[in-house]
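**Q** For reference, the chains in residue letters:
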Amino acid sequence: MNSREENLVRSALRRVDPPAGFAERVLARLPAEKSGRKWYAMRGWRLALMPQWAPAAAVLLIAGVVLGSWEAHQIRERKAKAEQAKVELLEALQITSAKIQYTRGRVFRALTAAQNKGGLL
Amino acid sequence: MLAGTEQTGGDLVRLATAGDRDAFATLVRMNQSMVYSLAWNSLRDQATAEELAQDVFMELYKALPSVESPAHVTNWLRRVATHRCIDHVRRERSRPKIALEDVPEPIADESPVSDFLMVEKIRGMTQTLPARARAVLVLRYQEDMEPTEIAGVLGLPVNTVKSQLHRALGLLRTKLQRTVGVEK
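Protein sequences appear in the order of chains A and B.
Oh and the first sequence: position 104 is 104 in the working numbering, straight run, nothing missing.
Oh and the second sequence: position 168 is 168 in the working numbering, straight run, nothing missing.
Derived by calculation from the structure, the hints in this document are not laboratory data.
Treat the hints with care, as some may be off.
[To be verified] Residues from chain B shown here face chain A by an in silico Cβ test under 8 Å; the list is partial:
{"hint": "1", "residue": "Asn41"}
{"hint": "2", "residue": "Thr48"}
{"hint": "3", "residue": "Glu50"}
{"hint": "4", "residue": "Thr126"}
{"hint": "5", "residue": "Val153"}
{"hint": "6", "residue": "Leu154"}
{"hint": "7", "residue": "Leu172"}
[Stated by the list, open to error] Lysine to aspartate or glutamate pairs mimicking DMTMM-like chemistry, simulated, CA-CA at most 20 Å apart:
{"hint": "8", "chain 1": "B", "residue 1": "Lys62", "chain 2": "A", "residue 2": "Glu88"}
{"hint": "9", "chain 1": "B", "residue 1": "Lys162", "chain 2": "A", "residue 2": "Glu24"}
{"hint": "10", "chain 1": "B", "residue 1": "Lys175", "chain 2": "B", "residue 2": "Asp115"}
{"hint": "11", "chain 1": "B", "residue 1": "Lys162", "chain 2": "A", "residue 2": "Glu6"}
{"hint": "12", "chain 1": "B", "residue 1": "Lys175", "chain 2": "B", "residue 2": "Glu120"}
{"hint": "13", "chain 1": "B", "residue 1": "Lys175", "chain 2": "A", "residue 2": "Glu5"}
{"hint": "14", "chain 1": "B", "residue 1": "Lys62", "chain 2": "B", "residue 2": "Asp45"}
{"hint": "15", "chain 1": "B", "residue 1": "Lys121", "chain 2": "A", "residue 2": "Glu6"}
{"hint": "16", "chain 1": "A", "residue 1": "Lys81", "chain 2": "A", "residue 2": "Glu71"}
{"hint": "17", "chain 1": "B", "residue 1": "Lys62", "chain 2": "B", "residue 2": "Asp20"}
{"hint": "18", "chain 1": "A", "residue 1": "Lys79", "chain 2": "A", "residue 2": "Glu91"}
{"hint": "19", "chain 1": "B", "residue 1": "Lys121", "chain 2": "A", "residue 2": "Glu5"}
{"hint": "20", "chain 1": "B", "residue 1": "Lys62", "chain 2": "B", "residue 2": "Asp11"}
{"hint": "21", "chain 1": "A", "residue 1": "Lys99", "chain 2": "A", "residue 2": "Glu83"}
{"hint": "22", "chain 1": "B", "residue 1": "Lys162", "chain 2": "B", "residue 2": "Glu143"}
{"hint": "23", "chain 1": "B", "residue 1": "Lys175", "chain 2": "A", "residue 2": "Glu88"}
On a predicted model such as this, the values are computed, not experimentally measured, just so you know.
For each residue, glycine too, the CB sits at the ideal point set by N, CA and C.
Just need the whole structure built from these sequences, with the hints factored in.
**A** Next up, the structure:
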């Protein structure tokens, strides 16, 4: 084709504007819901479109959960230690009591023997 | 989106993706002429062209998360609109109501035909071309695209695009010469 013919084809196929109100008619067909996009469907930079306070809130929530479980763990540990100490104290008291009983028995027997020999008292 | 706010193309796409209708409207207005013209030049029916163009923009709305920039949006729209036009022409089996070769030829007289009338004739003749050849012609002369770019849009080998273009132009030229006596 010569350049004149090509120009004619170009004129025949040139861009034209759509009828007035085209964009508005397209928008009218959009779903009523504004975004329709779920947070779990977001990837990469789309996460940046979340509210600015969302990451801070998430960090605070996670920190709260971690601190809470750490505190609960500490309390459980303290209770276990106290329980252990109680058991040990009871054992020690039992041993002491047994030893006192034993000593008392020996003293009593020694006194009785001495009395029988008629000397001491 | 606030009117008059300075924003980059990337911002525009991000806002539209986030559901900002104004941002999406801006993307529509930026590309409506291109998309509508692809449909109009392929179908030559205002109502069908508008419906097809609207459908393409609705598809864009759904596909927004997969596009990243206005240039990407334009390429996406051009590709999808072209394929929709090809599909539509192929579906409309009434398309070749008259094959190009069968178009009655008015007797060429000596008087030069005005460019306006020739342009109208060319428009009519393009409607007789097969769907893909028509798309190649529209992309070449409406969008000023090179064969390599057209090949990218249509997913065809460059040589196929070149041969389709050559054939389409040859048919048009022959017809023009016969009907209105365009000089060689």
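**Q** Each hint needs a verdict: does it hold in this structure or not?
**A** Comparing the hints with the structure gives:
1. Asn41: Since the shortest Cβ distance to chain A is 5 Å, the answer is holds.
2. Thr48: Cβ of Thr48 (chain B) sits 13 Å from chain A, so the hint is violated.
3. Glu50: 6 Å, holds
4. Thr126: 7 Å, holds
5. Val153: It is violated, given that the least Cβ distance between Val153 (chain B) and chain A is near 15 Å, above 8 Å.
6. Leu154: 16 Å, violated
7. Leu172: Hint on Leu172 (chain B): holds, closest Cβ of chain A at ~7 Å, below 8 Å.
8. B:Lys62 x A:Glu88: 71 Å, violated
9. B:Lys162 x A:Glu24: 38 Å, violated
10. B:Lys175 x B:Asp115: This hinted pair holds, its Cα atoms lying about 15 Å apart.
11. B:Lys162 x A:Glu6: 15 Å, holds
12. B:Lys175 x B:Glu120: 13 Å, holds
13. B:Lys175 x A:Glu5: 12 Å, holds
14. B:Lys62 x B:Asp45: 26 Å, violated
15. B:Lys121 x A:Glu6: 14 Å, holds
16. A:Lys81 x A:Glu71: 15 Å, holds
17. B:Lys62 x B:Asp20: Holds, at about 13 Å.
18. A:Lys79 x A:Glu91: 18 Å, holds
19. B:Lys121 x A:Glu5: Holds, because 12 Å separates the two Cα atoms, which is no more than 20 Å.
20. B:Lys62 x B:Asp11: With Cα atoms ~18 Å apart, Lys62 (chain B) and Asp11 (chain B) stay inside 20 Å; holds.
21. A:Lys99 x A:Glu83: Outside the cut-off at roughly 24 Å; violated.
22. B:Lys162 x B:Glu143: Satisfied, since the Cα-Cα distance of roughly 16 Å is no more than 20 Å.
23. B:Lys175 x A:Glu88: 112 Å, violated
When each numbered hint is compared with the structure, violations occur for hints 2, 5, 6, 8, 9, 14, 21 and 23.
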